[in-house]
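Undergrad: Same order as they appear, the protein sequences are chains U and Z. Per this note's numbering: the first sequence = residues 1 to 183. Per this note's numbering: the second sequence = residues 184 to 371.
These are calculated hints, taken from the structure and not from any lab test. Backbone N, C-alpha and C fix where the C-beta goes; we use that ideal spot for every residue, glycine too. One or more of the hints may lead you astray.
[Unchecked claim] If you only want the chain U side, here are some residues facing chain Z, beta carbon under 7 Å, derived:
#: 1; residue: R38
#: 2; residue: V54
#: 3; residue: D55
#: 4; residue: L61
#: 5; residue: A139
#: 6; residue: D143
#: 7; residue: R171
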Amino acid sequence: MPAYDPPVRSEPDEALVRRARRGDDRAFEELVLRHQDRLYTLALRVTGSEADAVDCVQEGLVAAWRAIGRFRGESKVSTWLYRIVLRKAYDAVEARGRRHLHSVDAAELPLAGPSERVDERLDLVAALAALEPPFRTVAVLCDVLGLGAEEAAAVMNVAPGTVKSRLFRARARLAERLQEENA
Amino acid sequence: VNDEDTEEIGRRLREMGIVSAPDHVRREVMRRVRAEPRRTFGRRLGSAWRPALTAAAAAVVLGGAVVGLAQLGAGDGGAGGDAASGGGAVARESAGGASEQPGATSGGAAPNLDAGADGGQQLFRDKAMTLTVPRLAAERILARRLVGDTVVIRVPRARFQALTASLRDARRATTAKADDVRVRLVAR
Numbered sequence: 001m002p003a004y005d006p007p008v009r010s011e012p013d014e015a016l017v018r019r020a021r022r023g024d025d026r027a028f029e030e031l032v033l034r035h036q037d038r039l040y041t042l043a044l045r046v047t048g049s050e051a052d053a054v055d056c057v058q059e060g061l062v063a064a065w066r067a068i069g070r071f072r073g074e075s076k077v078s079t080w081l082y083r084i085v086l087r088k089a090y091d092a093v094e095a096r097g098r099r100h101l102h103s104v105d106a107a108e109l110p111l112a113g114p115s116e117r118v119d120e121r122l123d124l125v126a127a128l129a130a131l132e133p134p135f136r137t138v139a140v141l142c143d144v145l146g147l148g149a150e151e152a153a154a155v156m157n158v159a160p161g162t163v164k165s166r167l168f169r170a171r172a173r174l175a176e177r178l179q180e181e182n183a
Numbered sequence: 184v185n186d187e188d189t190e191e192i193g194r195r196l197r198e199m200g201i202v203s204a205p206d207h208v209r210r211e212v213m214r215r216v217r218a219e220p221r222r223t224f225g226r227r228l229g230s231a232w233r234p235a236l237t238a239a240a241a242a243v244v245l246g247g248a249v250v251g252l253a254q255l256g257a258g259d260g261g262a263g264g265d266a267a268s269g270g271g272a273v274a275r276e277s278a279g280g281a282s283e284q285p286g287a288t289s290g291g292a293a294p295n296l297d298a299g300a301d302g303g304q305q306l307f308r309d310k311a312m313t314l315t316v317p318r319l320a321a322e323r324i325l326a327r328r329l330v331g332d333t334v335v336i337r338v339p340r341a342r343f344q345a346l347t348a349s350l351r352d353a354r355r356a357t358t359a360k361a362d363d364v365r366v367r368l369v370a371r
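Chain U with its partners taken away, still in its complex shape (with noise of 0.2 Å):
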């Protein structure tokens, strides 16, 4: 017996936007429940900052919320909200410069593990941000979320060589910046 039973998703995405597209608010509720974290994690990684990621997710849903009547169902509902919080995010970056990347919140230290893990964790948070937003982003959506080629390429609206291409060369900036840390 399981501890806990897991969630069951009793209705696709698209049938709970097909039902928000009728004004039915408990059905939007039911897909922010579902993407909110993968939403929170994608717009914390490119903005580095808690405070902006909140304001972009929050900013995104809304923003989806008046556009549902335009989805169109031409790409998965969660690509469709990647795409609309993924172009908050730039927003925000753009907005804000990136002197403020560097900041490391408490979201990012593990719960437990040895010292070293938590220094190794901060390391690469500091090296993601400090990554261009195309190659950050790529890392984000290819290796935190583990979305396939595919549809990152749909969320960033570029062919999917493309995303390939950036993924091995920021995971090869990456390995560089932590390497020249610590030497």
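Use these hints to put chain Z onto chain U, whose structure you have.
TA: Relative to chain U, chain Z alone:
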């Protein structure tokens, strides 16, 4: 940097994992969503039905307009006998001592559609007719006492032509003008 290094970075990025959104994010989003004007975006009816419904709605509107025009043409200013005194078309006597204005309105509140252009007169000729007839003859034909200079009588459509013909005959049969009455017959 070699492939092993990049693979290691990929592994460490995956270990970063998903960060839970603060609790207030959902609450704030839904508060703002529910504060938005409620609207529905979907089409409740399938697109296949829309042309048929549009055509049906257009037919209803067109039919309503035709019926409405017909009613206006057949309308009178009320059942009162002096409705024409409100400014409607006044029947003019001809040389024969009587006059006839097909479709001339009795005036009052009724629109003057049937007294307008020729097309309008033709259109409503079989529904309304104004005749100037000796009062006694008109009272005999219509089997009622007629009070005032002008009276409006609504008659069954089936009897409209016969009554019109009788009134016309009565008008021709006399040259007296002393006590004429204008009778407007309106088919029901």
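Undergrad: Return the numbers of the hints above that this structure violates; sort them in rising order.
TA: 3
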